[in-house]
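Asks: Taken in order, these protein sequences are the chains called A and B.
FYI, in the working numbering the residues of the first sequence are 1 to 323.
FYI, in the working numbering the residues of the second sequence are 1 to 323.
Keep in mind that a hint or two might mislead.
[To be verified] Taking lysine-lysine and the DSBU-like style, the derived pairs with C-alpha atoms no more than 30 Å apart in a straight line are:
no. : chain 1 : residue 1 : chain 2 : residue 2
1   : B       : 308       : B       : 139
2   : B       : 66        : A       : 139
3   : A       : 293       : A       : 58
4   : A       : 103       : B       : 234
In case anyone wonders, no lab produced these hints; they're calculated from the structure.
Number of protein chains: 2
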Amino acid sequence: MSNFWIDYPQVLEELTTVKSIIKKNIKTSEKHFEESIAPFVEQGGKMLRPAFLLLAAKFGEYDEKKMYNLAATIEMLHLATLVHDDIIDDSEMRRGVETIQSKYGKEYAVYVGDFLLCQSVNMISKYDYKMDKMRKISKAIRNICMGEIRQYHFRYIRKVDIRKYIRIISAKTAALFVLSFSIGAEEAGCNESIVRLFGRIGYNIGMAFQVIDDLLDYTGDTEKLGKSAQMDLKQGYYTLPIIFALEEDKNREIANILEKESFDDDDVKKIISLIKKYGGIEKTKKVADRYTKRAFENIDKLPDCESKDILKQIVEKLIHRNY
Amino acid sequence: MSNFWIDYPQVLEELTTVKSIIKKNIKTSEKHFEESIAPFVEQGGKMLRPAFLLLAAKFGEYDEKKMYNLAATIEMLHLATLVHDDIIDDSEMRRGVETIQSKYGKEYAVYVGDFLLCQSVNMISKYDYKMDKMRKISKAIRNICMGEIRQYHFRYIRKVDIRKYIRIISAKTAALFVLSFSIGAEEAGCNESIVRLFGRIGYNIGMAFQVIDDLLDYTGDTEKLGKSAQMDLKQGYYTLPIIFALEEDKNREIANILEKESFDDDDVKKIISLIKKYGGIEKTKKVADRYTKRAFENIDKLPDCESKDILKQIVEKLIHRNY
């Protein structure tokens, strides 16, 4: 689960329980199947979404068993989207582990993602949550799909403007953060204004998270980060740093490189330096800061408690990851 | 909707309503997206699963609106699996229309299938069905995934025996027929023994349907059918006719061809004639007949009514499609 939660032993313990529920739910009669997805589940990443769900639930009545199952469901959904995203992006590694699509082929990965998606629906239908939970969840996944479809559709279109970018990331990333926070609060019986407040917290954290992710593609100076930017550019995904830079690219310095049949490492370096020159990095940082600020303003409105403090610290840590 | 229902104007009318619900549910704010899946939905195939659901529901209290929505949900689920199957099988055409994966790429098709899957969950959560409906549906989709995964896993394994084949098709095909019949009857308030009876009817029809499908790959003498067999063999999917034939292939006549790096039209013709020689066709027909017989025995146990007569005729038509 990486070292992200090392200072929060209670959260870490709860996330370990959540992970054990996920592991139980990938067990099937087909041994080979379980073995193929176990390393992916085992590695697990930061498990932000289930953590946020549980933290929000602590503002109400906390029914452990129900909450852990709900948190596992949300993480399972997230895993399903990752497996399918890796197919699209042709990714070889994720979280230090070879991706399912790379190890077993894209065909197999399609079914693994489908299985995880169905299994998450199955998990939620086992408990007596109200049907409106199901509706919220299915809406969120629908949103994620639409965000990905939009993103895919706008590939290679250099006229993608900020508005379209915001729409894409609010669907593909923020939607699941909104769901995690608000469904946790709602299931714990928090009143409507708290649930809505958590929705806004989720939205702003999710947006800040994605903008920073897209920023790190261009600011990280390690080989790995450069590679990520290169992949995005080659696949025609234009994120905020380049969108901002293109607005100032009057002499078509960036545009001309992007129009080349293929571009090499030097081209990518050139693009990155042009993005810096045209203020793409600075402007993107400002956008991230704006979402972060709003997230903190909303968190401040929550009633004081330990979970509020943890939430603040975590968001701080997340937001200042690397830049 | 093909001419399959031409003699049953009432069923045809109801399926047209079901289709219009599906069309409404693929509408999104992204025009391009709707346009890309509309032809696929429009063509529509036989719509067997929603038809069976509605026929079963007529044995109880028939709440039109609820039933049409449920039928549309099941068909949507089926469409989702087809879109993903076409990725795996690299199919260019389906129902006379270019497949989504062929026209827009495999990446796009992954998301389209995901969208349809989520949207079907969304559709069911809009009505006040009980959560156990959701559980049944998610279990059925999970089964379908597992069937496909199993089938994929056993590719190129010539030791696939009849038992494994039965397990694969009972999950990948029969499960959705079982669900369609039994959920229709259950939602209409039929008693438990009728619901269970419909489950058996669905199972036997589904099994017969798939066995006949696999048989037609080898008995149809049109170019198209030959091509389908060729594709299956090349991709390493061994169905009942070849499984039976391999049991008698003592001199490894078939096995030697299958082991070749690639095989041409003549090889496929040779395999087909060897399958005939070794009784693969006859034995497969017998299996199909056994399931068909059981389906009719079960249908006979239903209370007499118009829907029962229609069901009998439809199954007759379906079973005797082409051989």
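Asks: Go through the numbered hints given earlier and state which of them the structure violates, listing their numbers in rising order.
Replies: none
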